[in-house]
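**Q** Numbers 270 to 504, taken from my numbering, label the letters of the sequence shown in order.
Mixed in with the good hints, there may be bad ones.
Claimed, not checked - With a straight-line Cα cutoff of 25 Å, these simulated SDA-like cross-link-like pairs (lysine to any residue) come out:
(1) K387 / E304
(2) K395 / E304
(3) K395 / R470
Hints were generated in silico from the structure; no laboratory data involved.
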Amino acid sequence: MRAIILAGGEGTRLRPLTFAIPKPLIPIGEKPILEIIIKRLKKFGFKKYIFSVGYKAELIRTYFRHGEKFGIQIDYIHEEEPLGTAGSLRLIADKFHFGSDESFVLMNGDILTRLDFKKMAEFHQKNRSWLTVGVKEYSHRLPFGVIEVNGNSIRGITEKPVETYPISTGIYIINTSCLRYMPVNKPFTMPMLINAVLKDRKKVAAYFFKEDWMAVEHLQHLEEINGDLERWVRE
270 MRAIILAGGE GTRLRPLTFA IPKPLIPIGE KPILEIIIKR LKKFGFKKYI
320 FSVGYKAELI RTYFRHGEKF GIQIDYIHEE EPLGTAGSLR LIADKFHFGS
370 DESFVLMNGD ILTRLDFKKM AEFHQKNRSW LTVGVKEYSH RLPFGVIEVN
420 GNSIRGITEK PVETYPISTG IYIINTSCLR YMPVNKPFTM PMLINAVLKD
470 RKKVAAYFFK EDWMAVEHLQ HLEEINGDLE RWVRE
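Kindly produce the complete structure, drawing on both the sequences and the hints.
**A** Structural data, given as structure tokens:
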């Protein structure tokens, strides 16, 4: 199974760091985020990768080249214009050969996780899903008391309740059959792809996992990660 990693975004929420380097090359301890990602995937047998690059792509290519020093194979697709979280899949499908019933991992290049990718792949295959979404439960405490009302009458109040939602983690396993929904050279997002597959009444599965996960989107995320490096970078 191949892994496709989206590494083309500008990382605007991590400026000023991303004025100089692309977000996937931001160091966590002594290694870039993207290197930590591929070493985690390699542990579960992933040897072939496609990086979808755009912003400061030359720096990513210079660091990783074709994967020789990591014992893997890396190919590249370059987005001349941002195509969204799923838009580059059409470019990839046109350039690289995929088997008719092949599946691949797709994930964002800013994710650190202890996810067991082998178990997720086995779940995807067992459920014969067209698309499997890695899902975690996310809890959020509201900063206010919530009022239960009936018309103008208050029936109760809950002080700062905690709400829990299943969220997409930006990690997917996708069957190549899904590529038929991809437009040519048009922005397309993963929510759009998921909704297109569901509209066609094909199976989309949720793979719930409890392992550590974080999308590195803000400077405070980097502070949190660097405060507990062993948790995130151990192999």
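**Q** Next step is simple, just say for each hint if it's right about the structure.
**A** Results of checking the hints against the structure:
Our distance criterion of 25 Å between C-alpha atoms is met by K387 and E304, whose separation comes to about 19 Å. Simply put, K395 and E304 have alpha-carbon atoms about 30 Å apart, too far for the 25 Å limit, and the pair is violated. At most 25 Å may separate the alpha-carbon atoms for a hinted pair to count; K395 and R470 meet this at roughly 18 Å.
Hint compliance for this structure: hint 2 alone is broken.
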